[in-house]
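If you're matching them up, the sequences are chains A and B in order.
Per the numbering used here, the very first residue in the first sequence carries number 1; after that it's consecutive.
Per the numbering used here, the very first residue in the second sequence carries number 138; after that it's consecutive.
By construction, these hints were calculated from the structure, which means they are not laboratory data.
Quick reminder that beta carbons are idealized off the backbone N, C-alpha and C, glycines included.
All clues given are correct.
Reference listing, derived: stretches of chain A covered by chain B, where coverage requires no fewer than 3 residues with Cβ under 8 Å from a Cβ of chain B:
hint	stretch
1	5-16
2	118-128
Simulated pairs of lysine-lysine, DSBU-like, Cα-Cα distance not exceeding 30 Å:
hint	chain 1	residue 1	chain 2	residue 2
3	B	325	B	515
4	A	124	B	159
5	A	130	B	263
6	B	148	A	124
7	A	122	B	218
8	B	162	A	76
9	B	628	B	514
10	A	60	A	86
11	A	53	A	86
12	A	124	B	155
13	A	92	A	53
14	B	224	A	130
15	B	629	B	515
16	A	130	B	228
17	B	628	B	521
18	A	86	A	76
19	A	53	B	218
20	A	54	B	228
21	B	159	A	60
22	B	445	B	511
23	B	521	B	325
24	A	87	B	228
25	B	607	B	636
26	B	269	B	162
27	A	87	B	155
28	B	611	B	592
29	B	218	A	130
30	B	228	A	122
31	B	607	B	580
32	B	159	A	76
33	B	218	A	98
34	B	545	B	590
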Amino acid sequence: MAILSDNNIAHAIYLSLKDKSLDEAHQTHKNILAFLARKHLLGRAAAILLHLKKIINLEKGIVSATVSSVHRLHEKEEKELVHFLKKRYSAKEITLTKILDQNLLGGFRVEANDEVIDLTIKNKIMQLQKYLTRSAV
Amino acid sequence: MSHNTIVENLKREIENFKAQIKIEKAGNVIEVFDGIARVSGLSDLRSSEMVLFPGGEVGVALNLEEDTAGVIILGDFSKIKEGDEVKATGKILEMPVSDGVIGRVVNAIGEPIDGKGAIAGGKSIKHYPIEKVAPGVITRESVTEPVATGIKVIDAIIPVGRGQRELIIGDRQTGKTAIAIDAILNQKGQNMICVYVSIGQKDSKLRKLHVRLEEGGAMDYTVVVSAGASESAALSYVAPYAGVSIAEYFMDKGKDVLIIYDDLSKHAVAYREISLLLRRPPGREAFPGDVFYLHSRLLERACRRNQKYGGGSITALPIIETQAGDISAYIPTNVISITDGQIFLETDLFYKGIRPAVNVGSSVSRVGSAAQIKAMKKVAGTLKLDLAQYRELEAFSQFGSDLDEATKRTLERGKRAVEVLKQPQYSPEKTEHQVVSLYALSKGFMDDVPVNKIKEFERGLIDHAERHAKAFFKDIAETKMWSEKGEIELKKVIEDFKKGFSNT
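Isolated chain B (complex conformation) (with noise of 0.2 Å):
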């Protein structure tokens, strides 16, 4: 571009601009610290109103009080002073969407942190309110569409419906994140979009899950939100609202989605470092006392919506790290009460390798279960049942040797079925391979096989099925139900490899 150009640009671009007069309301910064700003004026500011500091920071009021108002910074705050401008937008904080954050990773304010430029959409991006009344009961519908995760305990026995919420908890290094990103991997072809909603996470962690859904083309229906370890408290706190309303943008364009927050431990801390440097009274573990509808209003968001309201549905897989395995504190009793059921992971089960940790006992799907699909629910009926009466037996089997024909028949059971609920991270299985597996299982093909056979035997049953029973898995994938005339062939196909593995 020539420089007699780039003058001409300019001059068009000065003549075009109109500079715009406007009475704006203004106060002062009181003070500053720690990411809150404490201003004075303002006196028509409402909560949750957003701010615009000097430097172009915007602020949210959080505190209303007689003379000042609490805001709290989002951005940079090291540049404000005592005795700058603040001037009111008369708006509630909001976030900007469109279609074009698909594949993005932003921020909690909606800017792209992922160095790929602007978020395209133009004039088609629209700012969707950060705080906002859940949908209510009329526009709501009970959920009963599945979704898959790809992962066989959960699917078999924990199963997670379109609209439901459905809680992760676990102590720290149990696998929590490796469900949530297994989830989304399983999701392509599945008509979904997934948000993934990252707070006071470290940024290496958060690199390298981003490098892994990007392999795995998971970032074609992705998007990221990050309020990274090293931002401000007021980030993490504003980032998981940040999240729900853009899934409530492609749930308004009668999408389905699935949105995981991890984790919501974190967000609890950043409302608490926010709540005492507002000075609001602290309460048990001196979390406020409004931290139960902090966590009830964000999860109240998902919801599935009929089709008089556009459809649509928000599938939340909020995450909560626990202490020890101490699943009675504050924050995960107020979650567990909040979600539709947990996915509960045990450090024990981690390291004697069955993997994912889950806890079946502990685990439970409130309202999954009439969403799983029938040829589903038909194999993994009474699974969750053996493997109780495994874990049950298994305690009594230590103390002695002699033990009656039935109680060694479950044992072994259990011990296979266990055997065949371990999935390697980011190894999602499609629904009808899962059926064949746990089919085999709960008919007792499995019974006299080796336990450290049993992944072999899966592999390969699967293969053999893959190339002989096309008419069965094209039935599964269609229609979702279980035919006897499917069950035969299944049946047929079983045996036949059988045959050929004993053989082996």
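So here's chain A without its partners, still in its complex pose (with noise of 0.2 Å):
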């Protein structure tokens, strides 16, 4: 028998759920519910959860990305940035996690959909400290 991988649920999960009032949608999460009960599988919830929440923001369009930098992006950056990565990834929405982190030592890196954009001074240093030290030939 083919086991149920979480992606699967959810997948199942949001066609149930799909296009449904809300009235509909309340008695369906209870029937969720029974199901993952009766199935013991309410333990792997969390990751069912986070599958469905990939699957909607692919079906909506939402694209979720993180931005880390040592100070905050000006308005116009900030802007400018939503404008490229709804361009890269046609999306119609971005969903901007900022961090602050001073180890980065100046510059920015995206993460959006498995892909990282390092732009940061650590990046470059790094990168400057494998060319200084490459093997001679």
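Build the complex from these two chains, which are given one at a time in their own frames, with help from the hints.
Here is the structure:
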């Protein structure tokens, strides 16, 4: 028997809730919970929710991105970044999580959809270190 | 170098440096244990793709699952921790290869470990994928050229051809590696590149072997690839594929390559370890289901390519260590069925003093006879049969002493044949010399020489023939053929020598 993955269950939940009115959705929620309890899947609820969030974001064209920088980004910079990300991932909406990290020394770093764009000074210094210590051939 | 020069150089280097801005695929380490990392993210990761860990360690994706990937770490995994960033490289695991690799000892990912600095080659260094589909039917050619191993019993009875895969199988301490090393030592001047892949061997053994190869001048045409016993199973798993990538580089240049995998039992054990850690289902002897494919795809890469496709060949001598002579275990039967024959070494023979301890009855070369030179074929034709008859009669003769003349003759001939085929380690013999000894044996010239004097007789005969049968030697070396004229000359030389030998 094939094992149901968290992603499979999340997908099924999404399809069962899709296009349903509030009342109908309420009943479906109950059914889902009953199903998870009956199949002893409540322990995996957090992982299933994570997948559900991913599926909903994908369907709605929402991309979550994390931007790390030493200082808070200016409004203009943030707007430009959002614009760039929207274009790159053909997204309708970008949810930006901002992190301040002094270790980056300067610049910023964006993480979205398994991709990393590292424009920090720290990364440049690391690259310089690699360049200067490369073995002579 | 003055301080100013150093500062100037540094300035120039920094001016030349341009930081690269690129979008990289990255994920995170979820867990890391026993040389395996489970990573999340990296949604577009391919099978066998290289990934990079923060400290520069390389990993290879083996298990691609729905949310995570199982990665084997090729290097020190003690510094990798949960949450570390993992970057995908988009490249399938590859091996840096160049002519500069000859004479070097490298690890399973092509880094030199012999303390002689970086591999020479600069921009000419190419990168060969470690996993490659073996050459197809159209590009291949049948095996016709011999590999002279310098070991009489092999060259005469179980000949190996260029492009063949001949398994060396036997218990521990039966001289498997010795045969392989002798074969490498004998390739001097034979237009052959040798690759010795050491898998899970002790570093002390490898060091000894390396010194021996250096002393014998064999490192001028040999590459050693090592994945030591202290290194992770991942490196042992990759090492033979890395070795064959080096071999393919030279084959692509039209050269003949001899590759030795020492040994594939340890390779299978390393793969079993990885598979079990990756939670792949175990099968017979706890090996995973694809352990046959593990070796078949490796050994299929040994081939002889036809001239239209560039020529060149890879001859493989895989080694398998058996437990208490059990060749019907899982891995030995697998590899026996993949290869084109096997050289079977036996503990009993080894301790009887018959070295190399080759069991002629169980050993076979399925394609090698086509590659044997005519002269050798002529003199060794009946040797295997003679030995087989001897072994059979030897058992019978222990029950009674009243034996007829024919049986006695067979027994006496057999004893001398065994004696002639004995050969000390690190002393490969030229094919011409082998032909002389075997001719003297098969034509009965040794029948009246006492068994304990056979070695002395043989040495003396070869010395004598070197001096008095120059034309014969030249003929064999050049044409590889057997001529009646040569036979007459050789016969005369042996008879002359025998007169002198009997008198002493």
